[in-house]
Amino acid sequence: MTAKQAKSIGGKQLVKAATFVFVLYEVSLLYSHTQGDFANGLLFFIDAQMNGYFITFILLFFITMFLAGRQAGYNILLKDKKFYSVVFVGAFVSTILTLAFFEIAMLLISYSQPQVLERSEILETFFVCFIVLLIVLILAWLWAVRKIKLIKTNA
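Residue numbers (my numbering): 142 to 296.
Since the hints were derived computationally from the structure, they do not count as laboratory data.
This structure is a prediction, so every number in the text was calculated from the model and none was measured.
Misleading hints may appear alongside valid ones.
As the list claims (entries may be wrong) - Quick list of in silico lysine-lysine cross-link-like pairs, BS3-like style, CA-CA up to 30 Å:
| id | residue 1 | residue 2 |
| --- | --- | --- |
| 1 | Lys220 | Lys288 |
| 2 | Lys153 | Lys288 |
| 3 | Lys157 | Lys288 |
| 4 | Lys222 | Lys293 |
| 5 | Lys153 | Lys223 |
Starting from the given sequences, assemble the full structure and let the hints guide the process.
Take a look at the structure:
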């Protein structure tokens with residue numbers, strides 16, 4: 142197997158895992174927006190999806206997961222690195238990068254509209270978001286790396 146093939150397999154598997162995480166996030170967001178008045182909640186949900194910061198954030202999330210997945214595929218299929226070390230390092234790096242993108246967006250929003258968000262509120266939510274996102278991404282990485290390992294054993 143070549144390095145290009147290994148990276149391609151890793152990138153595809155992590156994008157699948159990221160898509161699953163994103164769909165779960167979107168379903169939970171839609172549910173929370175439409176709990177009271179369905180029509181207004183749906184309009185608010187659609188409006189939130191069209192936010193430039195949100196679109197940029199999601200694009201950066203998928204790019205991060207794809208690039209990290211390429212590295213994971215290379216490390217597992219060619220370098221024979223340990224399964225769990227790839228999972229935890231990948232999930233931790235993905236979490237840090239994703240939250241860095243998120244925090245930068247929130248700080249940009251707070252600087253452009255100072256009364257919307259307090260900077261202390263942004264930093265307080267960072268730690269909660271870190272823990273929740275780390276758990277979700279560890280599960281996604283476990284699934285994706287397991288699929289990569291299955292491809293290795295079948296080849």
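Margin query: Does Lys288 sit within 30 Å of Lys157, going by the straight-line distance between their CA atoms?
Written below: holds, 10 Å
Note to self: Next pair to validate is Lys220 with Lys288; report whether the Cα-Cα distance is within 30 Å.
What the structure shows: Distance of about 17 Å is within 30 Å: holds.
Notebook entry, point to check: Are the Cα positions of Lys222 and Lys293 separated by 30 Å at most?
Noted result: The hint holds at about 12 Å.
Item checked: Hinted pair Lys153 and Lys288, Cα distance within 30 Å -> Roughly 10 Å separates the two Cα atoms, so the pair holds.
Next item on the list: Could you grab the alpha-carbon distance between Lys153 and Lys223 and see if it respects the 30 Å cut-off?
Entry: Given pair Lys153, Lys223 holds - Cα atoms ~20 Å apart, limit 30 Å.
Figure legend: structure checked against the earlier numbered hints; every hint is met.
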